[in-house]
Amino acid sequence: MTTATGTPSARTLDMKLEIVVIPVSDVDRAKRFYGGLGWRLDADFAAGDDYRVIQFTPPGSGCSVIFGRNVTAAAPGSAKGLYLIVSDIKVARDELLARGVDVSEVFHDAGGVYAGNDEPYLFGRLRVSGADPEHRSYRSFASFKDPDGNGWLFQEITARLPGRVDAETTFASSTELASALRRAAAAHGEHEKLIGKHDADWPDWYADYMVKEQAGQPLPS
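For what it's worth, my numbering labels the leading residue of the sequence shown as 1, then goes sequentially.
Hint data in this document are derived by calculation from the structure and do not stem from the laboratory. We put the CB at the ideal spot given by N, CA and C, even for glycine. Hints are supplied without guarantee of correctness; some may be wrong.
Subject to a maximum C-alpha distance of 25 Å in a straight line, what follows is the list of computed PhoX-like cross-link-like pairs (lysine-lysine) [to be verified]: (1) K212 with K197; (2) K90 with K80; (3) K80 with K145; (4) K212 with K90; (5) K212 with K16; (6) K80 with K31; (7) K193 with K212; (8) K80 with K16; (9) K31 with K145; (10) K145 with K90.
Across the chosen pairs, the derived CB separations fall in these ranges [to be verified]: (11) R32 with C63: 17 to 23 Å; (12) V91 with T12: 32 to 38 Å; (13) T57 with M15: 14 to 20 Å; (14) A185 with Q217: 16 to 22 Å; (15) P133 with R69: 45 to 51 Å; (16) V91 with A200: 16 to 22 Å; (17) K197 with A98: 41 to 47 Å; (18) G48 with S137: 43 to 49 Å; (19) D44 with G189: 44 to 50 Å; (20) S221 with A178: 22 to 28 Å; (21) K197 with A43: 53 to 59 Å; (22) Y83 with M15: 17 to 23 Å.
Produce the complete structure using the sequences and hints provided.
Listed below in structure tokens is the structure:
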């Protein structure tokens, strides 16, 4: 078996994942829940008594969720491991707690140790309390469920793996940009300690750091 990796040599037609279907049993209850998360309501459309579709979009997301009546044959609550990528997991968790949502503590996994079914964290990986000790990207999580039991995961990502994103740097919100600036500021402070003087070209250093961090490239020191 071969595995496709790397970047295609020729540009192909864009294929944008824009919709994930969430199976729910009570449409109005689900609407109240997802609206209570602070997500944008895009549509609530009905065609008679047999069909209704509701669409919500998480803040800064290019992908939306839909649910409704006769939208899917999947069992309510059967959607698991739905990832919401955030740049600061503590901020994301605190916001949902302030909205009255039951969110797990921040956790990381035990590095390949398995311990049965631990939904909605995938594959039964054992949860270890607290953020990843080394604060590595992709390693810290928090979870919550909707009223039907559909399982969501916050995953903190501050630096993408190489090749994961295009060369251009984008930020989905002012909060995400501010977090990137704080990380660049902390790293630049270490840089100034290393060179032993004030760096008058700090804007260029910040820009280089932020672009490379998001693209998963080696960071300046």
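Enumerated hints in conflict with the structure, sorted upward: 16
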